[in-house]
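For chain L, the structure is supplied; the task is to place chain P on it using the hints.
Protein chains in written order, with the numbering used here: chain L, 29 to 201; chain P, 192 to 336.
Worth flagging that the hints you see were computed from the coordinates, not collected in a lab.
This structure is a prediction, so every number in the text was calculated from the model and none was measured.
Errors might be hidden in some of the hints.
Unchecked claim - Pairs of lysine-lysine, DSS-like flavour, derived with a Cα cap of 30 angstroms: (1) L:K191 - P:K203; (2) P:K203 - P:K246; (3) P:K246 - L:K35.
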Amino acid sequence: MARVQRKDREAFSVLLGRHGTAIHAFVFRFTGNASDAEDLTQETFLRVWSRAGTWEAGRVRFTTWAYRIARNLCIDAWRTRQGATADAEVDVDELAGDSPSNDAGRVRRALEAALRALPERQRTALVLCHHQGWSNREAAQMLDVSVDALESLLARARRSLRKTLAPYREAQQ
Amino acid sequence: MNDSDSPANVTKEALADLLDRHGGDPERWPEAKRAQALALVEADAEAQRLHAEAKALDAALDALPTPPMPSRLPHRVLDALPRDFAEVVLDWFGASFWRPVSFALAPLVVGFALGNAQQEGTGDLEDAVTLLAFSEVQVFDLAED
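Just chain L, with the same shape it has in the complex (with noise of 0.2 angstroms):
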């Protein structure tokens, strides 16, 4: 990173190399849209790029750092967007490769949408400490909060994420 500061486009290609892909990852669990997480990918490496002077090296870890620009970015993108999830439904569709009429189909499609449904900080933990393998310490810091209202976020995204889930237990029941 000190060598992406002195504006090293070869250790920036490196360091683009190593979080690209984990970072794209997030911000498609938190768009759902295959072509809004390729642009905003972009734009938050590009972000790197431009503010890498402003990263103070032993004040937060990069990834931390890289992930709340990332954060921030699919905040603004979540609110120009706010209504309009169409496009998102179609391509996690297509992703899965199955016909929405089964049933595992279903459960996906009403947990992707109860998962975009959820407060943007509840999803946030939920993204980083689940599918990003984040410990709930570094979700903590990400997120500027305690590690016990981190837990508290989590606790109220599983529950609202259970009840999305429950008619298709009892149905499988």
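Frame of chain L, contents of chain P only:
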């Protein structure tokens, strides 16, 4: 430290809270509570149901599809990086053999052209000065009037 993390006996309520906070994977549970929580799950049907629900949610979340990062994206990002003046100049020079050659020869051509033009201009000036030097100069004596 919250209630679910405290090293007290794990009740069903505490287990439910632990599952909400940490999910269904025991590897992610606080170490201080893990053994007790697992013992409860093994011994109690309601605890088993809670754990099964938590694991089902984890599995459903894991099953959500995530597209791989498009292979073109890193190139797109690198191409979109803003370029500073030095990079633009270096790229311009590197684009072909004739660019640095023509750039090196430019001062020579300009110098030659300027020198030539100046020489012609100096000749005219010298002629004018010579004519002025040898022409008759009329001096008006104001006192005679």
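Here is what the structure says about each hint:
1. L:K191 - P:K203: 19 angstroms, holds
2. P:K203 - P:K246: Between K203 (chain P) and K246 (chain P) the Cα gap is close to 16 angstroms, so the pair holds against 30 angstroms.
3. P:K246 - L:K35: Given that 30 angstroms is the threshold and the Cα spacing comes to 45 angstroms, the pair is violated.
Hint compliance for this structure: hint 3 alone is broken.
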